[in-house]
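Undergrad: All chains should be built: construct the whole structure from the sequences, respecting the hints.
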Amino acid sequence: MKRKKMKKIILFLCFFLAGCTLGPDYKKPEMQIPSEFKGNKNWKIAEPRDHLPKGSWWQIFNDPVLNQLEEEAGQANQNLQAAAARVMQARAAAGISESDKYPDINMNPSAVRSRSYVGEGMSNTGNMFTLPFDLSYEIDLWGRVRRSTEASDASAAASQSDFENVRLSLQAEVARNYFQLRALDKEISLVERTTELRTQSLKLVESRFKYGYISRLDLERAKTELAGTKAEAAALRKNRGELENALAVLLGKPASEFSLAPADLDIKTPEISPSLPSELLERRPDVARAERNVAAANARIGVAEAAFFPTIRINGRAGYQSSETSSLLDWDSRIWSLGPNISLPIFTGGSNRANLEKAKAAYDETVANYKQTVLVAFKEAEDGLSGLYHLQDQAKAQEQALESAKNALAISESQYKSGLVSYLEVVDAQRTALQTERASVQISGRQLETTVMLIKALGGGIF
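Per mature numbering (1 follows the signal peptide of the UniProt record, and there is no 0), the sequence shown runs over residues -23 to -1, 1 to 440.
A portion of the hints provided could be inaccurate.
Listed next, the in silico DSS-like pairs over lysine-lysine satisfying Cα-Cα at most 25 angstroms (straight line) [stated by the list, open to error]:
#1 K187 <-> K200
#2 K383 <-> K180
#3 K383 <-> K245
#4 K356 <-> K337
#5 K245 <-> K373
#6 K337 <-> K348
#7 K200 <-> K383
#8 K356 <-> K335
#9 K4 <-> K383
#10 K356 <-> K5
#11 K180 <-> K207
#12 K215 <-> K5
#13 K180 <-> K394
#14 K4 <-> K348
#15 K207 <-> K383
#16 K215 <-> K230
#17 K373 <-> K187
#18 K337 <-> K4
#19 K207 <-> K230
#20 K383 <-> K373
#21 K348 <-> K5
#22 K5 <-> K337
#23 K200 <-> K394
#24 K394 <-> K383
What follows is a set of in silico ranges between Cβ atoms, one per label pair, in the way DEER data are often shown [stated by the list, open to error]:
#25 D341 <-> A59: 25 to 31 angstroms
#26 N85 <-> A61: 21 to 27 angstroms
#27 I312 <-> K335: 43 to 49 angstroms
#28 L174 <-> S395: 16 to 22 angstroms
#29 N44 <-> K207: 31 to 37 angstroms
#30 A62 <-> A372: 39 to 45 angstroms
#31 A53 <-> L315: 17 to 23 angstroms
#32 A345 <-> A59: 34 to 40 angstroms
Just so you know, these hints were derived from the structure itself, not from any lab. The beta-carbon is built from N, C-alpha and C at its ideal position, and this holds for glycine as well.
TA: In structure tokens form, the structure reads like this:
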């Protein structure tokens, strides 16, 4: 009876100790989340776009060239490939931690010839052949292995979220650069058209000067405006070339092997239906990465606390041993051993305490980083919503300004031909019309860029 009772007590203690895990259980850091975006003013509800592939948010712009660029970037961008490699490393590290839950079993055959002194000037020389299976297993009494596995799994999840964040940032950068380039294409087209008009105007001015209808001052002004327009076109082409080179790098190609034919900026800004702020925390990969880093740091506190307690390993050996190879595998040649190995920290010079303090401080750091990431996420979403809202008003006002500038240009050209105004009036009207039209193009480009950044701020793949 006593033996049965003792067995029950031992079994109970084993189950109890096996379930003991040191360190705090993980709780997600709390954040105060607003109920709605303050920048969500008068937005229309966008139509559902379930037919689009998940994550291919750029397809809402309906631009085949952009779609192709995004596909190429996703396949060949080097930063994305590096992030994918980091994910594989983190998963492998998690696999290493997971393996600590299981015993190590190794086969260590050996063949030794030795000489030993037996006394009275005599010695023995002989062979010893051993074919053992060695086993070593750590009994995870304090949860060190479990917490270590938790930390590795959380780190692997954080690495996966980092990959998603790199991919989303890449997609947004490709789209932004593409829209900037297309806006420059439109500006270059406007400036080239203005150059043609000013070339024709110069011929007219030269003719009028030849017959004495105008002074040399008007002629020099016409030449100045034409040269200035050509200089502007050259500067815009330079900027376009730099954007083209930047796209090449994003696509994983040498800049010398990549070019994009000019095209008009004929892309409408799509409507966006912002989600609730609480959903933002679930969708943004950088927020997910920061939260998983908190979980990993929390688990490492348990690992550090377990260092204060004894480590118990069960070591065992079973196999065969004989001085003759012919009898090595005989039943009588079998050997075995089994027993615990206990390592109890007595004095570590304060290293365990320092490691625990370090782990707790690292946890506090990750919590602060998580909260900062959430705050930045809300800020970026608000910036995007507010930016699009005000750009809409700016675009409407700019359309009115452009219409007035074109009317003023037509009037000044008509009056100049009639001799009612000087060429200076025409130059001013031309310059104003060009600047106003270029400003309209720039606003359209900024609307597309801001839309991209809002989609990125909302975590992408939202349609």
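Undergrad: Evaluate each hint against the coordinates.
TA: How the hints compare with the structure:
Simply put, K187 and K200 have alpha-carbon atoms about 15 angstroms apart, close enough for the 25 angstroms limit, and the pair holds. A C-alpha spacing of about 22 angstroms is found between K383 and K180, which places the hinted pair at or below 25 angstroms, so the restraint holds. In summary, the hint linking K383 to K245 is supported, as the alpha carbons are separated by about 23 angstroms, within the 25 angstroms threshold. Proposed proximity of K356 and K337 is contradicted: the alpha carbons are some 29 angstroms apart, above 25 angstroms.
A C-alpha spacing of about 14 angstroms is found between K245 and K373, which places the hinted pair at or below 25 angstroms, so the restraint holds. Of the pairs offered as hints, the one joining K337 and K348 holds, with about 17 angstroms between alpha carbons and a cut-off of 25 angstroms not exceeded. Using a Cα cut-off of 25 angstroms, the hinted pair K200 and K383 holds, with the two alpha carbons roughly 22 angstroms apart. Our distance criterion of 25 angstroms between C-alpha atoms is broken by K356 and K335, whose separation comes to about 31 angstroms.
Taking the CA atoms of K4 and K383, the gap is about 63 angstroms. The hint is violated against a cut of 25 angstroms. Restraint check for K356 and K5: satisfied, since their Cα atoms lie roughly 21 angstroms apart, inside the 25 angstroms limit. At roughly 16 angstroms between alpha-carbon atoms, K180 and K207 fall within 25 angstroms of each other, so this suggested pair holds. Taking the CA atoms of K215 and K5, the gap is about 50 angstroms. The hint is violated against a cut of 25 angstroms.
Simply put, K180 and K394 have alpha-carbon atoms about 13 angstroms apart, close enough for the 25 angstroms limit, and the pair holds. The hinted pair formed by K4 and K348 meets the criterion: a straight-line CA distance of about 14 angstroms does not exceed 25 angstroms. Straight-line distance between C-alpha atoms of K207 and K383 comes to about 21 angstroms, which keeps the hinted pair within the 25 angstroms bound. The straight-line distance between the Cα atoms of K215 and K230 is roughly 20 angstroms, inside the 25 angstroms bound, and the hint therefore holds.
Taking the CA atoms of K373 and K187, the gap is about 44 angstroms. The hint is violated against a cut of 25 angstroms. For the hint linking K337 to K4, the alpha-carbon distance of about 15 angstroms falls within 25 angstroms, and the restraint holds. Taken as a hint, the K207 and K230 pair is broken in the structure, with Cα atoms around 31 angstroms apart against an allowance of 25 angstroms. Restraint check for K383 and K373: satisfied, since their Cα atoms lie roughly 16 angstroms apart, inside the 25 angstroms limit.
The hinted pair formed by K348 and K5 meets the criterion: a straight-line CA distance of about 11 angstroms does not exceed 25 angstroms. Taking the CA atoms of K5 and K337, the gap is near 16 angstroms; set against the 25 angstroms cutoff, the hint holds. The straight-line distance between the Cα atoms of K200 and K394 is roughly 18 angstroms, inside the 25 angstroms bound, and the hint therefore holds. Note on K394 and K383: the hinted pairing holds, with a Cα-Cα distance of about 17 angstroms set against a maximum of 25 angstroms.
Distance hint check for D341 and A59: the Cβ-Cβ separation is about 29 angstroms, which falls inside the suggested range of 25 to 31 angstroms. A C-beta distance of roughly 38 angstroms is found between N85 and A61, which places it outside the suggested range of 21 to 27 angstroms. The beta-carbon spacing between I312 and K335, approximately 45 angstroms, falls within the hinted interval of 43 to 49 angstroms. The hint said 16 to 22 angstroms for the Cβ distance between L174 and S395, and at roughly 19 angstroms that hint holds.
Range check, N44 to K207: about 35 angstroms between beta-carbon atoms, so the 31 to 37 angstroms window is met. Judged by the Cβ atoms, the range 39 to 45 angstroms given for A62 and A372 holds: they are separated by roughly 43 angstroms. A53 and L315 have their C-beta atoms about 56 angstroms apart, which leaves the hinted 17 to 23 angstroms range violated. A C-beta distance of roughly 27 angstroms is found between A345 and A59, which places it outside the suggested range of 34 to 40 angstroms.
Checked against the numbered hints given earlier, the structure breaks hints 4, 8, 9, 12, 17, 19, 26, 31, 32 and satisfies all the rest.
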